[in-house]
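Chains A and B supply the protein sequences, listed in that same order.
Numbers 4 to 629, taken from this note's numbering, label the letters of the first sequence in order.
Numbers 15 to 204, taken from this note's numbering, label the letters of the second sequence in order.
Hints may contain errors.
To be verified - Output of the computed footprint for chain B on chain A, the stretches with three or more beta carbons under 8 Å from beta carbons of chain B:
(1) 9-19
(2) 191-204
(3) 213-224
(4) 404-410
(5) 438-449
What the hints assert, rightly or not - Quick list of the computed label-pair ranges, beta carbon to beta carbon:
(6) E198/B to I511/A: 29 to 37 Å
(7) T193/B to S132/A: 34 to 42 Å
(8) V26/A to P93/B: 30 to 38 Å
(9) K152/B to R584/A: 56 to 64 Å
(10) T168/B to G389/A: 51 to 59 Å
(11) G163/B to D131/A: 46 to 54 Å
(12) R21/A to T168/B: 48 to 56 Å
(13) R122/A to R175/B: 56 to 64 Å
(14) E228/A to T168/B: 49 to 57 Å
(15) D42/B to L437/A: 18 to 26 Å
(16) S18/A to T193/B: 31 to 39 Å
(17) S171/B to K156/A: 49 to 57 Å
(18) K168/A to G163/B: 56 to 64 Å
The hints are simulated quantities; they were obtained by calculation from the structure and are not laboratory data.
Glycine included, C-beta positions come from ideal geometry on N, C-alpha and C.
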Amino acid sequence: MICGYAGKFLEVDLSKERTRETVLEDDVLRDYIGGRGLASKILWDRLGSKWESLNPLNPRNLLLFLTGPLTGYFPGGRTCVSGKSPQSNGVVGSTVGGEFGVELRCAGWDGIIFTGEARKPSYLFVIDSNIEIVDADHIWGKDAKQTLRVLTKECRRHLTEKFPKYGEMKEPSVLYIGPAGENKVRTAVVAAKWTHAAGYGGYGALMGAKKLKAIVVKGTGPLPEVANLRRMRRLIKAVYKNAYDSELWRRWGTGAAGYEVGAKTSSEPVHNWQDEWHNRRSFGVDKFENRVWIKQSWSDFGCPTCCLKISMVKTGKFKGAITDNPDYELQAYLGPNLGIFTPEDNVYLTSLIDDLGLCGIQTGNVLGFASELFQRGILSAEDLGGLRLAWGNTEAFAALAERIARREGIGDLLAEGTYRAALQIERMKNVEVLEYAVQSKGISIGAHGIRSGKDYPDIISYACSVQGGDHTSTAAFPINDPGSELWEIFNDSAVYCNFNSFGLRRKIRFDFYEAATGVELTPEEWCSTKALRILQLQRAMLLLGGPDLKWNPETDDDNPARFYEPLPSGPYKGKVLRRARVDKTKRKYYKAAGWDKNGIPKPRILRKLGLQDVDKALDKIRQATD
Amino acid sequence: MEASFKKSLNYLGGSYVVEKQAIWIARDLSKCSGCRQCEVACSLFHEKQVWPEASRIRIFMLVPGADFPHFCAQCEDYPCVDACPVKALSISERTGAVLVKARKCTACGKCIEACPGRVPHLHPTEKRVLICDLCKGKPRCVQVCSEGGWNVLTEVSRRNRAYNLYARTPEDITHDLVTKLYGEMGEQFL
């Protein structure tokens, strides 16, 4: 067996209430590593033949919680959540921070694979090899903070009863959904702690469809043994040192960006991306630091950076709201994107979004979209159930977020996410609104614009990504550039926090991989074979899509229409994406990825990578586009 | 020797003699980021593995934000040592730490019951109790915590102080930290 793995996966059939152990072959682990890569492999093998007809919310869909060989070793623990995505109908490797992945590995599991659907609300309680499906009626409907409170208390009590002599056992780690997930809202998250979330992909909805409220894990064993512990210790130290040398990154995390990405790089969503520039001093990091941050350093397993801070509103009508920083994405999406420029309002909305179990990025996106339709008179206050959704009207946005989470009134429509909501509103109102939907393939664009050219994403980052608008998985040309999706696939497959690699030599992640597994891996080999294979699998499943939506590369491998409008203000006023440039780069990317002119993986590359069955499955799309 | 050391620590009438190297880990719990590098360092040193539940110092997070390290306070009256029915526990003369004789320990749990903070816990797989031994005077947890600049853990020399105040249960500590952090709002998370 390869080192660095616990060596087995837990399979849970919720319909039959049966569990079993699965061991994957070394070759599979070597090629697909874990997390996102392995999710693609498992999903293709088990669901590939019926992919197009499978509704992501159908019990037959798989819900995966996977770790990787770096989880717990590379400082900053994460867990990868996947399945057929209720947003893109493809596969998204959606990672969430926290101790869950570490705890799972200490319990002796590399991952959990769920199938079926529970008869009634349930949660899974894993204590090492002891697995129990527990009734969750008493927490169904509860918000994030209350869910975690009840589960921590009751599971700790259970552990004490089970191990009466042990002494105090550390609390187990929990992943859960809020009311939004229970109501199968497509922008619902799988959450950890109060504020951590796997948002892209919409797996909270899938978890809700399976009536799975939470997974609680207690692992009492060590992390799986690595091939070279001495080297691993040296590498961990190098990560620590690098983090400690970076004072402002440690102090502010991404919290400085709410101002800077607007004022400096002009790439922050403002009023649903009608602008990407603001220089509102009221939204400076110092305002957050001085007014609302009550804990300066908060981190996940092994993390030297502590990009998280805890915030609490101390005065005014939102007094008592608690969340983390918010991090940049939620600062932006629940801030300037909605015309909100004060820490208190931003913290309040973020706290509410956490409590409801919604994704701050994608719900912020759909709220901004609705507000623009209100601005344009397409949606009236009457359509919105009496809400005057003007920019900056925090209370109206909060009320709408509640309705989305509970699928009440217009909330039911907006709960489908920006893209699907846009399609419905077009039919309802007979007006074109897709041009205001800032998304790619059903997934909202992360809060990093590309018009100014000063932020990190490239002009094809979102258009050609196999994870749509996901800002943590962005396509780039050249395809093997360290900033491209092929490298990001490694982060999500080895499953660790990429933030701790900033400033280090790029190759260090592969050094970690070798120290953990004992398997040699060079960046070149990764990019030209393994990552490319995972990319093709994700691309194939994205293009097969279905059943409610399918993507046509010709029209859907594109930026949101908004990005072709010139920036209206700021230092980069007038900057705009040129379609010809985007198309040219896109064609180059297709070629480098081994895709034909229609964006479909070619038989040659698929056969070279040993994906003959994928090649066969894509024949029908090839015929349809020719 | 051990008995006399213990006696001198219990003497509260003024300055008294302790071994020069005797140390204590001062702890500022509310600063803890919850990074758990102390668990990594402790288990690597003692178990040669990353093993959070076998670490002698463990970070609890019963309420998010209220993360804190739970580990031996080396109470001046050492109730755990007194409670051990098989004399598996002793006090290090040099450091003041509680030492566990693994071969003698029967994992009966009497020391856990005797500790006002229920700090000791059993080894997850072996039949013995785990108590911080101050790494023979060079605590690895303090090292990583200081390197990181969190300064939750600081090494100080052992003096005549009420160290046993720091032996509190995870629930007790959580209650205090949640109050400090969230004020009255904190009640609803407990």
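Hints and how they fare:
1. With a threshold of 8 Å between beta carbons, the proposed coverage of the stretch 9-19 of chain A by chain B is violated, since 0 of its residues qualify and at least three are required.
2. For a cut-off of 8 Å, the count of residues in the stretch 191-204 of chain A with a CB near a CB of chain B stands at 3, and the three-residue condition holds.
3. Chain B is given as covering the stretch 213-224 of chain A, and this holds because 3 residues of the stretch bring a CB closer than 8 Å to a CB of that chain, at least three being needed.
4. With 0 residues bearing a CB less than 8 Å from a CB of chain B, the stretch 404-410 of chain A misses the requirement of three and the coverage assertion fails.
5. Coverage of the stretch 438-449 of chain A by chain B is violated in this model, with 0 residues showing a Cβ closer than 8 Å to a Cβ of that chain against a need of three.
6. As the Cβ distance of E198/B to I511/A is approximately 46 Å, the hint placing it in 29 to 37 Å is violated.
7. As the Cβ distance of T193/B to S132/A is approximately 38 Å, the hint placing it in 34 to 42 Å holds.
8. Remark: the range hint 30 to 38 Å for V26/A to P93/B is contradicted by a beta-carbon distance near 47 Å.
9. A hinted range of 56 to 64 Å for the beta carbons of K152/B and R584/A is consistent with their spacing of about 60 Å.
10. For T168/B and G389/A, the hinted distance range of 51 to 59 Å is satisfied, since their beta carbons lie about 57 Å from each other.
11. Separated by about 35 Å at the C-beta atoms, G163/B and D131/A break the suggested range of 46 to 54 Å.
12. The hinted range of 48 to 56 Å is satisfied by R21/A and T168/B, whose Cβ atoms lie roughly 52 Å apart.
13. The hinted range of 56 to 64 Å is satisfied by R122/A and R175/B, whose Cβ atoms lie roughly 58 Å apart.
14. Between E228/A and T168/B, the C-beta spacing of about 33 Å breaks the proposed range 49 to 57 Å.
15. Checking the proposed 18 to 26 Å range against D42/B and L437/A shows it is violated: the Cβ atoms sit about 54 Å from each other.
16. Taken as a hint, the range 31 to 39 Å is violated for the pair S18/A and T193/B, whose Cβ atoms sit roughly 45 Å apart.
17. Checked against the hint of 49 to 57 Å, the C-beta distance between S171/B and K156/A comes to roughly 39 Å, which is inconsistent with it.
18. Between K168/A and G163/B the CB atoms are about 38 Å apart, so this pair departs from the stated range of 56 to 64 Å.
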